[in-house]
Structures are given as C-alpha cells and as structure tokens.
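Asks: Chain order of the listed sequences is A and B. In terms of the working numbering, the first sequence opens at residue 1 and continues consecutively. In terms of the working numbering, the second sequence opens at residue 1 and continues consecutively.
Calculated directly from the structure, the hints in this document are not laboratory data. These numbers come from a predicted model, not from an experiment. Do not take every clue at face value.
[To be verified] Lysine-lysine pairs mimicking DSBU-like chemistry, simulated, CA-CA at most 30 Å apart:
(1) B:Lys94 / A:Lys44
(2) B:Lys61 / A:Lys20
(3) A:Lys65 / A:Lys81
(4) A:Lys20 / B:Lys177
(5) B:Lys61 / A:Lys35
(6) A:Lys35 / A:Lys81
(7) A:Lys80 / A:Lys44
[As the list claims (entries may be wrong)] Derived coverage of chain A by chain B (criterion: at least 3 residues anywhere in the stretch with Cβ under 8 Å from a Cβ of chain B; other residues may be distant):
(8) 11 to 23
(9) 49 to 61
For each residue, glycine too, the CB sits at the ideal point set by N, CA and C.
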Amino acid sequence: MTEKSFSPTDDENDTLLFEKLQEHVLAHYPNPERKGCPDPAVLKSLIDDPGNITLDALNDLHIFKCAECTRLLMELRQKKKQSGTSE
Amino acid sequence: MRSPSPSDLCWNVRFPPEQEWIEEPLRIAVGHLWERANHVARSQLGDEALAPEIIEAAIEKTVLHLQTGPPCGPDEVELLLERSFRQEMRRLRKANNRLIFVGSNQELTSGTAQNPHARIDSAIDLEGILRDVPSNVRFALLLRYSRSRWSEVAVVLGTTEAAIRLRCKRALDRIRKKLESENHET
Chain A
1 MTEKSFSPTD DENDTLLFEK LQEHVLAHYP NPERKGCPDP AVLKSLIDDP GNITLDALND
61 LHIFKCAECT RLLMELRQKK KQSGTSE
Chain B
1 MRSPSPSDLC WNVRFPPEQE WIEEPLRIAV GHLWERANHV ARSQLGDEAL APEIIEAAIE
61 KTVLHLQTGP PCGPDEVELL LERSFRQEMR RLRKANNRLI FVGSNQELTS GTAQNPHARI
121 DSAIDLEGIL RDVPSNVRFA LLLRYSRSRW SEVAVVLGTT EAAIRLRCKR ALDRIRKKLE
181 SENHET
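Bound conformation, chain A alone:
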C-alpha cells in the first residue's frame, strides 16, 4: 500500500517540508565559528552508521540551528550517494 502524506501538498517522505527546513537553517543560522558543533566524525557517523550515534553526541538539536552542520550533512549525504552509485 502506498503511504499518503500527512500534508496534501507534500509527498510521503515530507520532502518539501524537509527541503524548506534545510533552506531555512542555511539562511538563518550561519555559524562560521562552529560554536557548539559536533565533531565532523559524529556527523559522518550520522550518515554512515546512525545506529551508533546518540542525541547527546549530536548536541541534541544543534544541527537544526547550524548552517555549517547542515551544509556538511548535505555534502556527506551526496558523497555517500555518489559512492553508492559508483559501486
């Protein structure tokens, strides 16, 4: 059975919402000094091995208020996607 979106304008993965959220974080939360950012290795694990990551290690919801972490996550996700296609 196909899952339906909770929002009439979005798809079953709430893609539109998360895209807007990502844009919002990138636009409103610059953090060039990387204050409160988790180690890049933690973000890499969030992409590659999320089962071994805790909310504490991510500094709770920090990513939702950090353009730098969001950008890095996007890059890591892209790299993973590319390595998946090339394999």
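Fit chain B to the given chain A structure using the hints.
Replies: This is chain B only, laid out in the frame that chain A set:
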C-alpha cells in the same frame, strides 16, 4: 487525518515472542487512560493534541519497565502506565515553565532595535518548538533531516515507517505551520 486510537499509539512498540503478553493489557490500559489524558493535556498544558505524544512516551517507559521485570497482571500494567503518564506530564509542565535567556544586553546592538525585521528575527526557534518532544522523536527528526526517506529512518530505529511517521507527525505539523507563517510574513 483522524485522531490516533489507543491501538495506533502502540504501533511503535514491538515485542519478542516471550514478551507478547504485554501487548493486550497495555492496549487495555491505554484505552482506559485515553480520555483522561486528553482532558489533562487540555486543562494542564492547554493543548489536547499533546495527549498522544505524552501517552506514547508513557507507553515506552512502561514497556521498558515490563520488559525487564517478571510478568504481571493488567492492574499492575495500568498502574505503571498511569505512573509513567504522570511523570511525563510533570516533565512537560517543567519544560513549559522554563524560560531560557541566552546572551546579555551587551549583545543587543542598536541595529536590532532599529531593524525589527532583521533576518535573525524571522528565524524559527526549532529548539523551542521541539523542546517538549520526546528524545526519540527528536532523534528520528534528525535522522530524517540527514537522509531522504522515512523508510531509512525506520530501519535505523528498528520500527515501521508508519509508526515513525505517526510519532513525528505532530512535531512536523508544528514545524510546517511555523515555516508557512514565516513565508506569509516575508
């Protein structure tokens, strides 16, 4: 979307065969608590829509307790769920009463006062929106933020896509509402 039933709220809980006994008394206990939970959420937190989240958190705590102890009867399951529900309500009331001030008046520049529509002013306070959301929902939202599909999040959390989406629905609705209102303002 219709309101979740007590059975819906148990979706996220999975039992190994030796612990399947928990399921039936738990569903009955949730059924008994459901009306009152809605009433308490409305009267004490001002939002009946919070009841499912609170009950879900209480269910998780109760299940964790039952899974680590010996089998017990329906009355005890009901008492445990009731206790977990009260704990969750206390946690939420505390969270709602807590005011957080960040920075000092030294950091306020005249520009802030002169430009009330500065970019930072329109930033959504996601921490504020998600402050009273259970930690596993916060984690699920971060996971979804870092990947493209709910099905992938469900695999990581060892649950079903439907369950994880239902759990995150209210938080997503709040974020969606805020983003939409921000779009209207700008």
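Asks: If a hint holds in the structure, say so; if it doesn't, say that too.
Replies: Okay, the hints, checked on the actual structure:
With a CA separation close to 34 Å, the supplied pair lysine 94 of chain B and lysine 44 of chain A exceeds the 30 Å bound. Note on lysine 61 of chain B and lysine 20 of chain A: the hinted pairing is violated, with a Cα-Cα distance of about 34 Å set against a maximum of 30 Å. Proximity of lysine 65 of chain A to lysine 81 of chain A is assessed by CA-CA distance (about 24 Å); at most 30 Å being required, the pair is judged to hold. Between lysine 20 of chain A and lysine 177 of chain B the CA atoms are separated by roughly 12 Å; this keeps the pair inside 30 Å, and the hint holds.
A threshold of 30 Å between alpha carbons decides the hint, and for lysine 61 of chain B with lysine 35 of chain A the separation of about 34 Å lies outside it, so the pair is violated. The suggested pairing of lysine 35 of chain A with lysine 81 of chain A holds, with an alpha-carbon distance near 28 Å, which does not exceed 30 Å. For the proposed pair lysine 80 of chain A and lysine 44 of chain A, the alpha carbon gap of about 10 Å is at most 30 Å, so the pair holds. Counting residues of the region 11 to 23 of chain A whose CB falls under 8 Å from any CB of chain B gives 9; the rule of at least 3 is met.
Proximity of the region 49 to 61 of chain A to chain B, defined as three or more residues with a beta carbon under 8 Å from a beta carbon of that chain, is established by the 6 residues found.
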